[in-house]
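J.: In case you want the letters, here they are:
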Amino acid sequence: MPDAFPAPQFANLRQQEDVARLGMWVFLSTEVLFFGGMMLLYYAYRSGYPAGFAEAARHTDIFIGTINTAVLLTSSFAVAWAVAAAKDGDGRLAAILLGAAALLGVVFLGLKSIEYLKEYHEHLVPAVNFAFPGKQANSVELFFIFYFISTGLHSLHLTIGIVALTVMALRTARGQMTPHLRNGVTVTGLYWHFVDAVWLFLFALIYLPGRGGT
Amino acid sequence: MTDTNYLTADNRLRSWFFTTDHKRVAILYFAGITMFFGVGGAAATLIRLELATPAGDLVSSDVYNRLFTMHGIVMVWFFLIPSIPTTMGNFLLPLMIGARDLAFPRLNILSWYLYMIGGAFVLYALFFGGIDTGWTFYTPFSTFYSNSHVIVGIVGVFVAGFSSILTGLNFIVTVHRMRAPGLTWFRLPIFVWSLYSTAIILVLATPVLAITLLLIALERLFGVGIFDPRIGGDPLLFQHLFWFYSHPAVYIMILPGMGVVSEIIPCFARKSLFGYKFVAWASISIAVLGFFVWGHHMFVSGQSVFASLIFSFMSYIVAVPSAIKVFNWTATLHKGWLRFDAPMLYALAFIGLFTIGGLTGLFLACLAYDIYVTDTYFVVAHFHYIMVGGMVTAYFGGLHYWWPKITGRLYPEYWARAAAILIFVGFNLTFFPQFVLGVLGMPRRYHVYPPEFQVWNVLSSAGAAVLAVAYLMPVFYLGWSLFWGRRASSNPWNATGLEWQTSSPPPEHNFTTTPTVNRGPYGYTPDAKAVPQNA
Numbered sequence: 523m524p525d526a527f528p529a530p531q532f533a534n535l536r537q538q539e540d541v542a543r544l545g546m547w548v549f550l551s552t553e554v555l556f557f558g559g560m561m562l563l564y565y566a567y568r569s570g571y572p573a574g575f576a577e578a579a580r581h582t583d584i585f586i587g588t589i590n591t592a593v594l595l596t597s598s599f600a601v602a603w604a605v606a607a608a609k610d611g612d613g614r615l616a617a618i619l620l621g622a623a624a625l626l627g628v629v630f631l632g633l634k635s636i637e638y639l640k641e642y643h644e645h646l647v648p649a650v651n652f653a654f655p656g657k658q659a660n661s662v663e664l665f666f667i668f669y670f671i672s673t674g675l676h677s678l679h680l681t682i683g684i685v686a687l688t689v690m691a692l693r694t695a696r697g698q699m700t701p702h703l704r705n706g707v708t709v710t711g712l713y714w715h716f717v718d719a720v721w722l723f724l725f726a727l728i729y730l731p732g733r734g735g736t
Numbered sequence: 240m241t242d243t244n245y246l247t248a249d250n251r252l253r254s255w256f257f258t259t260d261h262k263r264v265a266i267l268y269f270a271g272i273t274m275f276f277g278v279g280g281a282a283a284t285l286i287r288l289e290l291a292t293p294a295g296d297l298v299s300s301d302v303y304n305r306l307f308t309m310h311g312i313v314m315v316w317f318f319l320i321p322s323i324p325t326t327m328g329n330f331l332l333p334l335m336i337g338a339r340d341l342a343f344p345r346l347n348i349l350s351w352y353l354y355m356i357g358g359a360f361v362l363y364a365l366f367f368g369g370i371d372t373g374w375t376f377y378t379p380f381s382t383f384y385s386n387s388h389v390i391v392g393i394v395g396v397f398v399a400g401f402s403s404i405l406t407g408l409n410f411i412v413t414v415h416r417m418r419a420p421g422l423t424w425f426r427l428p429i430f431v432w433s434l435y436s437t438a439i440i441l442v443l444a445t446p447v448l449a450i451t452l453l454l455i456a457l458e459r460l461f462g463v464g465i466f467d468p469r470i471g472g473d474p475l476l477f478q479h480l481f482w483f484y485s486h487p488a489v490y491i492m493i494l495p496g497m498g499v500v501s502e503i504i505p506c507f508a509r510k511s512l513f514g515y516k517f518v519a520w521a522s523i524s525i526a527v528l529g530f531f532v533w534g535h536h537m538f539v540s541g542q543s544v545f546a547s548l549i550f551s552f553m554s555y556i557v558a559v560p561s562a563i564k565v566f567n568w569t570a571t572l573h574k575g576w577l578r579f580d581a582p583m584l585y586a587l588a589f590i591g592l593f594t595i596g597g598l599t600g601l602f603l604a605c606l607a608y609d610i611y612v613t614d615t616y617f618v619v620a621h622f623h624y625i626m627v628g629g630m631v632t633a634y635f636g637g638l639h640y641w642w643p644k645i646t647g648r649l650y651p652e653y654w655a656r657a658a659a660i661l662i663f664v665g666f667n668l669t670f671f672p673q674f675v676l677g678v679l680g681m682p683r684r685y686h687v688y689p690p691e692f693q694v695w696n697v698l699s700s701a702g703a704a705v706l707a708v709a710y711l712m713p714v715f716y717l718g719w720s721l722f723w724g725r726r727a728s729s730n731p732w733n734a735t736g737l738e739w740q741t742s743s744p745p746p747e748h749n750f751t752t753t754p755t756v757n758r759g760p761y762g763y764t765p766d767a768k769a770v771p772q773n774a
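Protein sequence lines correspond, in order, to chains A and B.
Position one of the first sequence corresponds to residue 523 (the working numbering), numbered consecutively onward.
Position one of the second sequence corresponds to residue 240 (the working numbering), numbered consecutively onward.
Quick caveat, the hints were computed from the structure, so don't treat them as lab data.
Positions of the beta carbon are idealized from the N, C-alpha and C atoms, including for glycine.
Stretch-level coverage of chain A by chain B, calculated; a stretch enters the list once three of its residues show a Cβ under 8 Å from a Cβ in chain B:
hint: 1; stretch: 538-549
hint: 2; stretch: 559-573
hint: 3; stretch: 661-670
If we take Cβ atoms under 7 Å as the criterion, some of the chain B residues that face chain A in the derived model are:
hint: 4; residue: 339
hint: 5; residue: 340
hint: 6; residue: 342
hint: 7; residue: 404
hint: 8; residue: 408
hint: 9; residue: 411
hint: 10; residue: 412
hint: 11; residue: 416
hint: 12; residue: 442
hint: 13; residue: 446
hint: 14; residue: 450
hint: 15; residue: 462
hint: 16; residue: 465
hint: 17; residue: 471
hint: 18; residue: 480
Looking at chain B on its own, in the form it has when it is part of the complex (with noise of 0.2 Å):
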């Protein structure tokens, strides 16, 4: 190769930390979002040792206390929640609408550091005695009892809250701003669909987190009693605030799955994605009414029936945009010239994983059923389902589908569909149990428990162990590729997204001229050929 790409355009330190470029700056938070993906899923390892028995004989129960709190503050907020739409999303929006870059490249880079920043405050209440509130920072054990580092961890939250916002903002004005001629919003395709939706939530649900954060920061230091029923203030008005931010927040940690999935689909199903338009419509509606179902996190905090009544009716409306999606997916895949690389198995798993999800969502939004599971394995499995079954997995697959652009590389097919199956069948060994768990009545947040609920604990930890092997074998395969993978040319799917119409990996402003849009997203036909947008 001759030309020189975005990875080679300039080598010395300083136009890494420095870059302004969207793809460097993705390839920053791939290196950061890794590094917490594997403390989270320490923390999860360790969480599933001591799970292996009844008793409480690996770790004690102040430490059993931090790993999972850990385990949450780390995989939401340094994992999840940045996951899709910091790398890809960072990588992919302005080469899918044909411009240079984001519209604000300084803010980019600073959204980086901000997350860097908070995590490394979250890393030091890690090791330097931890936090046990739970990620939820439930008051008043968080502002008066607990006796870890709660301050700590909320600054780093907070200071992470900040980078996700920016990246909500960049997103947004990038969206409305910089498309390339022609590019319509109904040719956009659905990735930036589902990232424009997740940036609204993240614009607008993230600053009343840190509004809160700060509340109780300021109730903990200072011994104020904003949420302190001593003085007439009210602890559940905290768990409404919080959760005004973080129910919208598990749509900003599903949506942008949703986004990979609607491109793997189509390409190697050689069709057109079934519903455009609704499946478009169906994240912004997902967005918008993400932000009326709050209360189902507190059917059994003492909210008034009313209010319950109302969220448990608006959970089930939301799940309609949802199975929308679900459907169109399949229908897409009705009648396709199917391909089963690596990314389509991780779609695939995607569909199934997340509709078990989403199905158990609605047991949770039934008030009756709710009440007889709150607080127990069956949330937990459900809401893994969801981030772990449905985002994770989507992750991985959007990895697989564009690592041959970001890298100018191909992964080796073999492995890395075994790594997809065997990510499957160790998923569903870890977290299936756990409904049954649930039902059968085990609390979560409990090391020790009565020894009828072992075997199906040692299932979910022998499950546990493949899908730890599952998830490192990319980093082996992967890293492998790197140095030793075949070259990619600049369409290796033979897709039709603009993205593929530059080289691989692509040169510093992503285009060599600006591209001109004449049609929608997905111009695939039975025999192989492609139509790009651009054609």
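Excised from the complex, chain A in its bound form (with noise of 0.2 Å):
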């Protein structure tokens, strides 16, 4: 088995294992600041234009969106599940969470994709066919363009994380766990809870302002 020696940099696995979960938490923090830059821009046209942004974000569909928050939240229940799992060293259940976490990231995309087909048909995907009546029309394409970059790299980065699933899915269901794998799972995870969180703050940016009361 060899999985149960440490790699030749390491004194011994538990330095391995800690290595790798601090290497995730590091680049999760290269992350914050990636999806930060963009959510300042965001930030920035919306109190430029706080009307155009409400009028804009009328047009999002809040319907999906909410499911879609719903999908991925539970997906991070399940990998949360399978991390626990993953420790009590049963790779059966594990693999089995971590599937349907990956399914349930599919379910996502698919609905992101009736999205978009849905703002393609209402004339509301800039550089594409961008039309929009009245006064706010500008400021409704700034929001949109935030809109598709900002839920397209989001997509992206959970396109990664279904494949990472599906990896550790498959290694998983040998059944046999090892430190290694177990914390492969752990690392995996990190990230997976990462990008539901960033899917958190574009749900409250993109599809709540202009719909509370007054």
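Bring the two chains, given one by one in their own frames, into a single complex with the hints.
T.: Take a look at the structure:
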């Protein structure tokens, strides 16, 4: 069982696991700043054009958006459970849960595509067919530029996450939980939770403005 | 020599290009960086040749724009930012902390490939038409008007950015988790502190550059007006995002140099570094404060006066930790037993040149004065004093200092000292006249100028010729030493760091047994004895 030995640069397996987890945390801090730059752009324009952004947000599909939020939160729950199962050495359960989470990720992407298609038919896609009546057309366009870039980048991250979850599911499905694999599940889980957390922010920024009562 | 070391362990080409040994990755980076330094230097040479006369007689305006853009892009992203961290940092970080390798050896070699791929894009842009936006890619010129290879250049920088992020990530995790037993944080050499601070900036600033470049690439490709005022977009927002990365990037380009100097000075003054903890914390404070000063690049951009005031104030504050370092290096020299070998000459040159660069930075942080010299040669002179006078000088200093460790050979001291002095003279002759030109009002990025500026420009170009010769000298004598230099002992400088307690060149996994650290990094004594960290 080669997995029982650490890679040559480490003194022991524990150090190797620590390093993998810390590495993922540092990587996620990079990601925070990556999406942070995008969100700064959003806030700058929203504070400049509050009416236009509220108007634009009302044209998003809050129904699909909410369902998708629920889908991703459920997937995060499955991943958290899978991490616990992997810790208990239950490879089969972990594999099922990881597979379920990956599947939920695919559902998210499917719903997102339907939403994109709907926006295409409503002529809301900048650079492709954007047309919007009324005074707010320009700020609505700015909103939808942000919308497509940020959700596009999020979907890209999600796709990578789906691949990672699938790989982990296939490896854990063999039933034999090695320390190395257990740690792999934990690290993949960190990434998945991060991608979900980004979505929570995007959900609030994209779907909620302009929908409060008054 | 009968023992194998990291250089002789395996000679197949594959063992180099698929290596995971941090020392070999450092050598690969060294080759790449030297090449790009040559490319950027060639562009600089043409710029100085053109500026020797007031008329635009050597190149057209279009070509001149492409020259200074390429000089900037190549020197910033493909030389200065990776220079010390990826060569000496890669080589020394595990050695200095008593580790067998970095935490992620495969990410390390991947980051080299990303760097080279990014570089290939930029070279493609260079040889097939160039880029004329300046290295800053300001919108709307870069997105709607420029007819040059902006997208290719952006892709190159974007890809190289990931290489930066991976290096930073690797260093942070390595410093946290791979230190030898007994090596507490306040026993780390200052070079490690500098690399750690640099890595924080690499990890937190570079992603903002990535998203910003992505946005202007999308704007240019699809004509969507992300920063387009015609639909209410804000070009200033681009500048904010760009400088949020690019000002901290300035500290990526100087902190490692400060680290090198902090290693050299105690060794050649045979004294413990004065105020070790202050120097260590100063590195961290520069990294943190560096994130809050970017607006001083935008004093005349139309941002609010209030914002300018805050950024001006913060820019003064960030000078404090830099000054602490300069004072502490000077205090270390005080009553030291100085030896003027080549690394020390470079370190002393660094202190002088960095001080001039730093003090003129305070001029520029001052709102009233900055408006007067914005976009003039004063700014050009200022940042070259930091980047070239500071970082490149430190790079050469470190290269000489650790040359015996890296190659197992001693360099010829006489030639090295001559080159160090020549670099100092040539550098000052090149860039000091540019301060004068700036104050007289010569704007940057013009290749045709009024004849009254010519005398200063000729001085500067003459200095550039001296500098070019001085920079070429190490290529020859260091190259010579690889084959005919005397064999180096494991510790030719009688230094205290862990990297000197293993053979030169080090074996594949650095140490035969993992060292245990019992003391701080600078146990130097005047009688030329030194107490190694693991004694």
